[in-house]
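S.K.: One letter stands for each residue in the lines below.
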Amino acid sequence: MTHHIERQIEHLKERILRVGTLVEEAISKSITALINRDTQLAQRVMSSDEDIDRMEVEVEEECLKILALYQPVAADLRFVVSVLKINNDLERMGDLARNIAKRVAQLTAGEPCVLPPEIRTMAMQAQDMVKECLDAVVKGDPSLARQVREEDDAVDEARQKIRRRVIQEIKENPENVESLLRINSVSKHIERIADMATNIAEDVIYMVQGDIVRHRSND
Amino acid sequence: MNIQAEPTAPRGGQPETVTATDRLQAVAAGRDVPSEVHPEVLEATPVLEIDRFNLWYGGKQALHGITMPIPNNKVTALIGPSGCGKSTLLRSVNRLNDLVQSVRITGDMRLNGDSIYDPRMDVIELRKRMGMVFQKPNPFPMSIYENVVYALRIDGENNRAALDEVCELSLRGAALWDEVKDRLHDSAIGLSGGQQQRLCIARAIAAEPEVLLLDEPCSALDPIATGKVEDLIQELRGRYSVLIVTHNMQQASRTSDYTAFMYLGRLIEYGTTSGIFTKPILRETEAYVTGRFG
Chain Z
95 MTHHIERQIE
105 HLKERILRVG
115 TLVEEAISKS
125 ITALINRDTQ
135 LAQRVMSSDE
145 DIDRMEVEVE
155 EECLKILALY
165 QPVAADLRFV
175 VSVLKINNDL
185 ERMGDLARNI
195 AKRVAQLTAG
205 EPCVLPPEIR
215 TMAMQAQDMV
225 KECLDAVVKG
235 DPSLARQVRE
245 EDDAVDEARQ
255 KIRRRVIQEI
265 KENPENVESL
275 LRINSVSKHI
285 ERIADMATNI
295 AEDVIYMVQG
305 DIVRHRSND
Chain E
253 MNIQAEPTAP
263 RGGQPETVTA
273 TDRLQAVAAG
283 RDVPSEVHPE
293 VLEATPVLEI
303 DRFNLWYGGK
313 QALHGITMPI
323 PNNKVTALIG
333 PSGCGKSTLL
343 RSVNRLNDLV
353 QSVRITGDMR
363 LNGDSIYDPR
373 MDVIELRKRM
383 GMVFQKPNPF
393 PMSIYENVVY
403 ALRIDGENNR
413 AALDEVCELS
423 LRGAALWDEV
433 KDRLHDSAIG
443 LSGGQQQRLC
453 IARAIAAEPE
463 VLLLDEPCSA
473 LDPIATGKVE
483 DLIQELRGRY
493 SVLIVTHNMQ
503 QASRTSDYTA
513 FMYLGRLIEY
523 GTTSGIFTKP
533 ILRETEAYVT
543 GRFG
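Just so you know, the sequences run in chain order Z and E.
As numbered in the working numbering, residues 95 to 313 make up the first sequence, in order.
As numbered in the working numbering, residues 253 to 546 make up the second sequence, in order.
Among the hints, a few may not be true.
What the hints assert, rightly or not - Label-pair restraints from in silico Cβ distances: (1) Z/244 - E/486: 40 to 46 Å; (2) Z/126 - E/545: 47 to 53 Å; (3) E/545 - Z/158: 24 to 30 Å.
Stated by the list, open to error - Calculated lysine-lysine pairs in the DSS-like style (CA-CA distance at most 30 Å, straight line): (4) E/531 - Z/225; (5) Z/107 - E/531; (6) E/480 - Z/179; (7) Z/179 - Z/265.
The hints are simulated quantities; they were obtained by calculation from the structure and are not laboratory data.
Using N, Cα and C, we set each Cβ at its ideal position, and we do this for glycine too.
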């Protein structure tokens, strides 16, 4: 029984990391496609979302099976519950990457429009957060998770900057309104990705230390 | 049995400081380790206070400086691997270990403030204040009715109406009334294992005990009978103070309010059941409740 649950937990860990890797790739490719206006790459991101969705369901089924058959407690229970939540957030991140990829095709087809430089910086910050939160899951590292939580503020600030810039641009060049709204939407998606990375970081803290830190600052 | 007046538990010097990781090794090496008692336990009103209690079987020490309050009207579970002393501790509460020649103890226990090990304590009177249920159901070879009212009978109660009332109340309290009300005067031996165990609980609560001691009450029962006894323990919560020894971790988590983890005669960690099973403080407790050892 003991060895069985350990094996199941190990297996679950491998699976959630596979979902994490796919999502990280999808986000990275969607950003590259956006910056390079690469519609083919964007198309590949959109198709890969189906794999992420399928794997999300498999991981959830695996979690439910462990809960039903092994009734885990303490660290095992916290791990399974955290994986259920992380899994859900990863799937949402996959959807956001797909949404960014969709905007690439629309931006390329629409009127010519320059991406604000903050988008690139913000996208890199969000990608770093995704990478770090997944590292925190792998290593069970609550200090790395806390660092991810702190980084979210910078992404939120960048998002507000872009929003203000877009509003200004719309006033100055109302003929580009559609493209500018798409850029605004892309920045919103990137911000949401960073929020999801923060959620995952908070789940890692619960998983390792048993503390629910949501709605609380790091202090 | 030898009761020493002076406690010999380490009071003057603090137990040697050990880190969480080597706590069990330290215990195995015979060193004292501090118990990790969650603050919620200390905030509850105790019905029973176990105070620096040590017990030896001959030269072998089976309990080491156990100090723990047992909260009033709550269910407290004792868990730990075989040989950790949980049954010995339970049996010490109603002084069943007095019957063992080589047993020697130091320290004390207090039931609602009265010293259990005071030499002036009348053990028979003490046991009337507690009910005990064992692993195997042990109904007396008499009718269901007589089993339940046995304690009252030996106390000289012969008023039929009073006995009838206690019998019904106790059987209802033990969730057995509906199943046996039409055959109260049949032999108790004819009941199923699960019914017999609930009858033993009815017999124990008939005397309105201050503490109910349950020593692995479901270990000889099938899953359905176990479920019924567990439901009953849930219902007793709030009305009786229950101290239960169980090998079954899920049973402890399902039925109790507080859980104490013991290892090799020592109290390792003691807290609310939800705390012990979701976020234990010690890695050792975590390893035990997740089945990593023991």
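S.K.: Could you run down the list of hints and mark each one as holding or not?
M.R.: Now for the hints, and whether the structure bears them out:
The hint said 40 to 46 Å for the Cβ distance between residue 244 of chain Z and residue 486 of chain E, and at roughly 45 Å that hint holds. The hint said 47 to 53 Å for the Cβ distance between residue 126 of chain Z and residue 545 of chain E, and at roughly 49 Å that hint holds. For residue 545 of chain E paired with residue 158 of chain Z, a C-beta distance near 27 Å keeps the hint of 24 to 30 Å intact. Among the hinted pairs, residue 531 of chain E with residue 225 of chain Z is consistent with the structure: their alpha-carbon atoms are about 28 Å apart, no more than 30 Å.
Under the criterion of a C-alpha separation no larger than 30 Å, the hint pairing residue 107 of chain Z with residue 531 of chain E is consistent with the structure, at around 20 Å. In summary, the hint linking residue 480 of chain E to residue 179 of chain Z is not supported, as the alpha carbons are separated by about 35 Å, beyond the 30 Å threshold. With a C-alpha separation of about 41 Å, the suggested pair residue 179 of chain Z and residue 265 of chain Z falls outside the 30 Å cut-off, and the hint is violated.
Going through the hint list in order, the structure does not satisfy hints 6, 7.
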